[in-house]
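Sequence order for the protein chains is A and B.
Here the working numbering is used: the first residue of the first sequence is 1, the next is one more, and so on.
Here the working numbering is used: the first residue of the second sequence is 1, the next is one more, and so on.
Quick caveat, the hints were computed from the structure, so don't treat them as lab data.
One thing to keep in mind: the hints can contain errors.
[Unchecked claim] Taking beta-carbon pairs under 8 Å as the criterion, some of the chain A residues facing chain B (in silico):
hint, residue
1, Arg79
2, Thr232
3, Trp236
It should be emphasised that the depicted structure is a prediction, and the values quoted were computed from it without experimental measurement.
Just so it is clear, CB atoms sit at the ideal spot from N, CA and C, and this is done for glycine as well.
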Amino acid sequence: MGTMNEWLRNLAHLLLFSGGILLFLPMALLSETSGLLTFGAGWTGNHYEDASQSATMTGDLMARLALRSTTDTGYDHWRLSAGAQGTFALQDENAILAAISWEHGVQLSDGLFQFGLDVDHDYIPHKDARNYDDASWTRLGGTAHTALRLDSTESSFLIRYRGGYDAFPDHDLDAFEHALTLKFTYSLAISTIISLQVSGFQTLYSERNTVDALGNATDDQTRDLGLDGQITLEHWLDATTGLFLDAMIGRKASTANLYFFGPGETVLVFDGDEVFFNDFDSYSEFSAESGLTRRMGNLLARIRLGFRQRWYDDRPPFAKNDTPDAAGACRTSRFDLSVSLDLELNEDSTLETSCSGFIITSNDEKLQSDGIGFRLGLKLLL
Amino acid sequence: MMQRVAVCLVLLTGVLLAPIPGHTALDGARLARVCPANAEKLLAILETAKRAGLPVDYLETRINEGLLRKIPCPRLVQVLEQEYAILGETRTLLGSIHDTSDATLVLFSKLRSSGLERTSLISLIAVFGQTRNPGMTAAAGLFLLSMKELNWSEDQILPLASLIAASSWNSEQRESIKQILLYGASLDIERHQTVELVRNGLARGRSFHQIRRDLLDRKPFKLENQNGRW
């Protein structure tokens, strides 16, 4: 296992390094180049968004490079991102992130065909003491996508397929996921845009099997199947004031189950409090979000208000002492409010400030929580 | 400050797009009472303008506006001297299109005194020379000024403003062009590229929906992946 982990980690580094050299440097001589650097610091009062109410100062740094070569018939677009996210009081969450992607677009007479590849890597060097298996969340992901967009004067229809694999060397969450999205966008008037989207996805976990009622792993791999529908309305009162409304309903059917060892137990101790939950992760949900954007000179203000309701089929709610209510089903509601103010210092630099808060109400006491946070950052276009 | 500038732009829009009203004659007695020390200087400027064949009505209206808004008298003199200079300079520029009529002169002088740079004025005059459409020229000038308020330079916007001056787009369409430019900026596309894409799209007769999509295709950075990780 250790050898495999090392191998995957080294492979990830090698891929990112060689990808950078082979793809980006030669292309830099041929393409339009854009750079973006963002960094900031802040504080969050509930990093995990649960009853632990873990507060921490945060810091982030992200550098992005985009290269593009455009011709009459299409384009090639390369993107490289690298950065770090730090949580000072929760060292286990510190992460180094990197990604490379390439996308090829073919201009059609009334549309666009796209094909792309992405590789991304989260390197989380510390062990995550908060999780039961005390292992890191380092991840290497690879994705391919293809899309066809058909355009008319006032509308577009997009069909997009994406498939990819996520490898977690220290976890059994390795999974193949693929998704199909259909999206229709229509301009009702010059300043009003409506879009309808339907997505379906499937996740197949390659290392995580379901368990039977006695807690023994079966031969069946865990699978998730999801479907969601979304409607978005965007309306501009004038060039500087816009409103948007978004509503989504979704359904996830999962074969994931859980053999619960007992309250507070991270390893199996046969003390009679073990419980088997046959359907632990299937749920239906509804979410809605509304937003207001207002630009005043070089100041951009945004307000977002969100709501999400999730109904688990059979996952039990837990008490604070980790005792499940086997007869109940978990229900959560979440409210979000965020306000951000961006001040354009000049054409290429923006001072970003944001403040956000949330409230989660649930019959699961471990999820019931609230929190606020803020961030001050700088965005530099290079 | 921003609100004041916005109000000024709205007022200017009204002034530029409305038909030129009959001017109110200068109230000499009021001028002598309010600005006893500067009245003579102001009248001298008017006299010089009259001799030079410049539209004195326009300058008198400016003095009346200043008195109404209780502008300090030394500042009023300064403004009038500036307006006089702008009228002269603009008339010289308008010579290139052989139209130095009072209406045209006042139109471009107002744009210049509202903050439009000389190079922009020359470009708009060139377009006006072909279209002879004062309404759309004023609209293009106002478009430039309003984008300046949003931190865009005249150099960046001028290609689009010239297109607007030669077009027949209504105010709602012009507002949409502005919105599309801001949309491009929100996608982190460089401004000159945004203007180029929007201008080319409009010139090719593409719809606002299509131009918006063109910009989305051009988005340089992917700020989060499909799974919302980052």
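Hints and how they fare:
The interface hint given for Arg79 (chain A) is met, as the beta carbon of that residue sits about 6 Å from the closest beta carbon of chain B, less than 8 Å. Because the closest C-beta pair between Thr232 (chain A) and chain B is about 14 Å apart, greater than 8 Å, the hint is violated. A distance limit of 8 Å between C-beta atoms decides the matter here; for Trp236 (chain A) the minimum to chain B is near 5 Å, and the interface restraint holds.
Checked against the numbered hints given earlier, this structure breaks only hint 2.
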